[in-house]
Amino acid sequence: MLLRGISWLVLFQLLGTGLNVLLLPMLPGPILGMLLLFAFLVWRGEVPAPIGEAGGALLRYLPLLLVPPAVGLMAYAEAIAADFWALTATLVLSLVLSLLFAGWLMQKLIDRQQRREGDA
Amino acid sequence: MSGSLTAAAQAILQHPLFGFGVTLGAYQLALALFERTRWVFLQPVLLSMALVIGVLLLCGIDYPQYRASVGMLSVFLGPATVALAIPLFLNLKRIRQLLWPILITLALAGSLATALGIGFAWLLGADHVMQMTLLPKSVTSPIAMLVAEQLGGVAALAAVFVLITGVIGAILGPALLTRIGVRSPAARGMALGLTAHAVGTAQALQEGEETGAFSALAMSLMGGATAILLPLVVALVA
Chain C
1 MLLRGISWLV LFQLLGTGLN VLLLPMLPGP ILGMLLLFAF LVWRGEVPAP IGEAGGALLR
61 YLPLLLVPPA VGLMAYAEAI AADFWALTAT LVLSLVLSLL FAGWLMQKLI DRQQRREGDA
Chain W
1 MSGSLTAAAQ AILQHPLFGF GVTLGAYQLA LALFERTRWV FLQPVLLSMA LVIGVLLLCG
61 IDYPQYRASV GMLSVFLGPA TVALAIPLFL NLKRIRQLLW PILITLALAG SLATALGIGF
121 AWLLGADHVM QMTLLPKSVT SPIAMLVAEQ LGGVAALAAV FVLITGVIGA ILGPALLTRI
181 GVRSPAARGM ALGLTAHAVG TAQALQEGEE TGAFSALAMS LMGGATAILL PLVVALVA
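Protein chains in written order, with the numbering used here: chain C, 1 to 120; chain W, 1 to 238.
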């Protein structure tokens, strides 16, 4: 089951990679694979059990899979040190402002939709 | 005697499995510490990264050598990205219920998050490679890394910015949202997932199931939209 699901996921990624080279060089292969799988799931109307099992297993270990790329930080310590304050300020300020805006906007839109449904 | 001990130590350090073993060990240790303390600064990826870097520096192993030994982990990042289609599909019904609020918030707040990132970086004098690396900072790491690489940024650095952004969001987010009167679980989840991706979603899940679901949804949508639109927009502008 697990092997069959992983084979499906690998197949979709390889299809995505082919599509990336043939038609859509601006989108990464795995992302195209994700869109292809999404279209496949919508077409099927359900998540086939092997794909669900393999996907669940991979996503559960996603943080572990992200450790090796994060360790790549050590190769860029100098680049980070050079721009340290610019980077810190950028990350904190842009996060706080966009988080507040997103929450505020979504709340307003939900309130409006509820009022409308109340009127109708 | 000490000569053969040194030889044995060398054989272990040079073994292709050494980096892999250190990564697995560091991750389990980090996970156990995080689960025991629930302290946001002990975010598992952040802590594992610090532990692995510490061990590598102590043993005198450089990054290319380490990367070669964890190839079998890295190869699964692609299929894991493909698997993100599953939660997206499972949330389809919820998306339809609040379709317009979600799409409008995604378009406006998502653009703002991305634009503020590059805007501040430019104002504060970061170079072009740094700017391209900062662009996808609000999306989940596999997508951010792929997009950063595509745009001429640095994938590894993008992962670090994503993590830092997520941790800041999880720490500051809930209190800030409460202060400006955002009460609805859907809106709180949307804000956390949109700007602070997986780390924000973990935080949102602690607030409740609906907050968590909307955060996961916002994370997937923001990831998808960034992956598709950002390279297009950059290609058009540049």
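It should be emphasised that the hints constitute simulated quantities derived from the structure, not laboratory data. There's no promise every hint is true.
Stated by the list, open to error - Using 25 Å as the maximum straight-line C-alpha spacing, the simulated SDA-like pairs for lysine to any residue come out as follows:
{"hint": "1", "chain 1": "W", "residue 1": "K93", "chain 2": "W", "residue 2": "S184"}
{"hint": "2", "chain 1": "C", "residue 1": "K108", "chain 2": "W", "residue 2": "C59"}
{"hint": "3", "chain 1": "W", "residue 1": "K93", "chain 2": "W", "residue 2": "L108"}
{"hint": "4", "chain 1": "C", "residue 1": "K108", "chain 2": "W", "residue 2": "L56"}
{"hint": "5", "chain 1": "C", "residue 1": "K108", "chain 2": "W", "residue 2": "G181"}
{"hint": "6", "chain 1": "W", "residue 1": "K93", "chain 2": "W", "residue 2": "E209"}
{"hint": "7", "chain 1": "C", "residue 1": "K108", "chain 2": "C", "residue 2": "V96"}
{"hint": "8", "chain 1": "W", "residue 1": "K93", "chain 2": "W", "residue 2": "A107"}
{"hint": "9", "chain 1": "C", "residue 1": "K108", "chain 2": "W", "residue 2": "G3"}
{"hint": "10", "chain 1": "C", "residue 1": "K108", "chain 2": "W", "residue 2": "L108"}
{"hint": "11", "chain 1": "C", "residue 1": "K108", "chain 2": "W", "residue 2": "S2"}
{"hint": "12", "chain 1": "C", "residue 1": "K108", "chain 2": "W", "residue 2": "A225"}
{"hint": "13", "chain 1": "C", "residue 1": "K108", "chain 2": "W", "residue 2": "P174"}
{"hint": "14", "chain 1": "C", "residue 1": "K108", "chain 2": "W", "residue 2": "L112"}
{"hint": "15", "chain 1": "C", "residue 1": "K108", "chain 2": "W", "residue 2": "G21"}
{"hint": "16", "chain 1": "W", "residue 1": "K93", "chain 2": "W", "residue 2": "L176"}
{"hint": "17", "chain 1": "W", "residue 1": "K93", "chain 2": "C", "residue 2": "V96"}
{"hint": "18", "chain 1": "C", "residue 1": "K108", "chain 2": "W", "residue 2": "A50"}
{"hint": "19", "chain 1": "C", "residue 1": "K108", "chain 2": "W", "residue 2": "L24"}
{"hint": "20", "chain 1": "W", "residue 1": "K93", "chain 2": "C", "residue 2": "E46"}
{"hint": "21", "chain 1": "W", "residue 1": "K93", "chain 2": "W", "residue 2": "L103"}
What the hints assert, rightly or not - Far from chain W by the CB rule (all over 12 Å, computed), these chain C residues:
{"hint": "22", "residue": "V67"}
{"hint": "23", "residue": "A89"}
{"hint": "24", "residue": "D119"}
To be verified - Selected chain C positions facing chain W (in silico; Cβ < 8 Å):
{"hint": "25", "residue": "L2"}
{"hint": "26", "residue": "P50"}
{"hint": "27", "residue": "L93"}
{"hint": "28", "residue": "L105"}
Remember, it's a predicted structure, so these values are computed and weren't measured experimentally. The beta-carbon is built from N, C-alpha and C at its ideal position, and this holds for glycine as well.
Tested hints:
1. K93/W - S184/W: This hinted pair holds, its Cα atoms lying about 19 Å apart.
2. K108/C - C59/W: Distance ~55 Å between K108/C and C59/W Cα, so the pair is violated.
3. K93/W - L108/W: Roughly 22 Å separates the two Cα atoms, so the pair holds.
4. K108/C - L56/W: The hint is violated at about 50 Å.
5. K108/C - G181/W: Judged against 25 Å, a Cα distance of about 11 Å means the pair holds.
6. K93/W - E209/W: holds (15 Å)
7. K108/C - V96/C: Measuring from Cα to Cα gives roughly 18 Å; hence the hint holds.
8. K93/W - A107/W: Measuring from Cα to Cα gives roughly 20 Å; hence the hint holds.
9. K108/C - G3/W: violated (72 Å)
10. K108/C - L108/W: Holds, at roughly 13 Å.
11. K108/C - S2/W: Status violated; Cα separation ~71 Å.
12. K108/C - A225/W: With a Cα-Cα distance of about 22 Å, the restraint between K108/C and A225/W holds, given a limit of 25 Å.
13. K108/C - P174/W: holds (18 Å)
14. K108/C - L112/W: The given pair, whose Cα atoms are some 17 Å apart, holds under the 25 Å limit.
15. K108/C - G21/W: violated (50 Å)
16. K93/W - L176/W: violated (29 Å)
17. K93/W - V96/C: violated (30 Å)
18. K108/C - A50/W: Violated - the C-alpha atoms of A50/W and K108/C are around 41 Å apart, more than 25 Å.
19. K108/C - L24/W: violated (45 Å)
20. K93/W - E46/C: It holds: about 12 Å lies between the C-alpha atoms, which stays within 25 Å.
21. K93/W - L103/W: holds (14 Å)
22. V67: violated (5 Å)
23. A89: Since the minimum Cβ distance to chain W is about 6 Å, A89/C lies within 12 Å and the statement is violated.
24. D119: holds (16 Å)
25. L2: Result: violated, 12 Å to nearest chain W Cβ.
26. P50: Given a least distance of 12 Å, the restraint on P50/C is violated.
27. L93: With Cβ-Cβ at 6 Å, under 8 Å, it holds.
28. L105: holds (5 Å)
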